[in-house]
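Fit chain W to the given chain R structure using the hints.
One-letter residues, chain by chain:
Number of protein chains: 2
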Amino acid sequence: MITIALPKGALLEDSISIFKKAGLNFSDALLENNRSLTIESECKRAKALLVRNGDVPVYVSYGQADLGIVGYDVLQESELKVAKLLDLEFGGCHMSLAVKNTSNYSKPTDLPANCKVASKFTKTARAYFDDLNIPVEIVHLTGSVELGPITGMAEAIVDLVATGKTLKENGLSKIDDLFYSTARLIANPLSIRLDSNPLRDVILSIESFKGT
Amino acid sequence: MITIALPKGALLEDSISIFKKAGLNFSDALLENNRSLTIESECKRAKALLVRNGDVPVYVSYGQADLGIVGYDVLQESELKVAKLLDLEFGGCHMSLAVKNTSNYSKPTDLPANCKVASKFTKTARAYFDDLNIPVEIVHLTGSVELGPITGMAEAIVDLVATGKTLKENGLSKIDDLFYSTARLIANPLSIRLDSNPLRDVILSIESFKGT
Numbered sequence: 003m004i005t006i007a008l009p010k011g012a013l014l015e016d017s018i019s020i021f022k023k024a025g026l027n028f029s030d031a032l033l034e035n036n037r038s039l040t041i042e043s044e045c046k047r048a049k050a051l052l053v054r055n056g057d058v059p060v061y062v063s064y065g066q067a068d069l070g071i072v073g074y075d076v077l078q079e080s081e082l083k084v085a086k087l088l089d090l091e092f093g094g095c096h097m098s099l100a101v102k103n104t105s106n107y108s109k110p111t112d113l114p115a116n117c118k119v120a121s122k123f124t125k126t127a128r129a130y131f132d133d134l135n136i137p138v139e140i141v142h143l144t145g146s147v148e149l150g151p152i153t154g155m156a157e158a159i160v161d162l163v164a165t166g167k168t169l170k171e172n173g174l175s176k177i178d179d180l181f182y183s184t185a186r187l188i189a190n191p192l193s194i195r196l197d198s199n200p201l202r203d204v205i206l207s208i209e210s211f212k213g214t
Numbered sequence: 003m004i005t006i007a008l009p010k011g012a013l014l015e016d017s018i019s020i021f022k023k024a025g026l027n028f029s030d031a032l033l034e035n036n037r038s039l040t041i042e043s044e045c046k047r048a049k050a051l052l053v054r055n056g057d058v059p060v061y062v063s064y065g066q067a068d069l070g071i072v073g074y075d076v077l078q079e080s081e082l083k084v085a086k087l088l089d090l091e092f093g094g095c096h097m098s099l100a101v102k103n104t105s106n107y108s109k110p111t112d113l114p115a116n117c118k119v120a121s122k123f124t125k126t127a128r129a130y131f132d133d134l135n136i137p138v139e140i141v142h143l144t145g146s147v148e149l150g151p152i153t154g155m156a157e158a159i160v161d162l163v164a165t166g167k168t169l170k171e172n173g174l175s176k177i178d179d180l181f182y183s184t185a186r187l188i189a190n191p192l193s194i195r196l197d198s199n200p201l202r203d204v205i206l207s208i209e210s211f212k213g214t
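First to last, the sequence lines map onto chains R and W.
Count along the first sequence from 1, then add 2; that gives the number in this note's numbering.
Count along the second sequence from 1, then add 2; that gives the number in this note's numbering.
Isolated chain R, as found in the complex:
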């Protein structure tokens, strides 16, 4: 039986729709009263694990799931080994650098040396500033990163921006994009290698339907 790690939250509906086109129906996961964390497909050929976006690479890497769907932003932050198979081209958003509207910073190099930058994505933020050779202190926050500049704790934030509404509501503006993140299909490297056919069929099917 194939096991698939699906991300709860914003990517779930499109993820289920992709697998449905490939013949694996996990629509029960979308029922409002669903509390189960594991869902069997209608055809009984596959099982889905409903996990947090950030936990998808864990289940795939350790082999508890053969396949998974996860945002590129999470993959960039994770150091776990997974096979990156396909860009599924949905769930698009930018990983961006933003500052207060009232600040005088219009590009990353305007930031004062050793200033603080708040982010949920500390490895991503660290790599970005290291590449630019700008010494900053990365402060790890787990939620509402926009409070960093509002309270004066941080000069800037590195965060995911979809519509830009949250930035606007909090008086913040983007001054750079680190990358564009979309949902990705990932696999356990060993599962792929040992697969006779079932996994390959699902992957090829998703590849053919992708974006239609």
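Heads up, none of these hints are tricks.
Intra- or inter-copy, both count: the list cannot distinguish identical chains.
Okay, derived cross-link-like pairs now, DSS-like style, lysine-lysine, Cα gap no bigger than 27 Å in a straight line:
#1 118 - 83
#2 49 - 118
#3 125 - 83
#4 118 - 10
#5 167 - 49
#6 167 - 125
If you are wondering where the hints come from, they were derived from the structure by calculation, not from laboratory data.
The following block gives chain W in isolation, referenced to the frame of chain R:
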């Protein structure tokens, strides 16, 4: 003006009630339609930042908040410097080690060497097993840790247990308690040192009302 970091979620209502008794009313934060992350007290003497439980020590440590309320579990995981003032004695839950009901493990030393233990609290779990000199691999999950043993990824979990309902629903049983966690009042060390009187008054007031 005093700034106070309050934890969103399970500890919020009791935290607001504690400060209300001390003369600082942030009840607006509990209104269903409240979306604001900062709330001024009725008396205008203080401001509350509504942040995630895990971010409270960050705002207090960096001095953006003078005081904060946070679970002892979060303090144990955090390496930031804050002054630990009072045990507020609410929000009690155990940090526990749990395994599948169907396993043969009834104490931590029954766990096989180098087995995997899933947890959101990786530093806490690591310190616990190091103290017992049991070599295990700690796997970091961000949510639904109970899926670890269910999927066979992990032999055990280290997680917060309040009523035990989640464990029961997922066929898991507690085999040890690491510690009992309650809400704590913390402060920025410098704020305390530089305080003339306003902070001290609030702290003394909370101390006198505590548990009543």
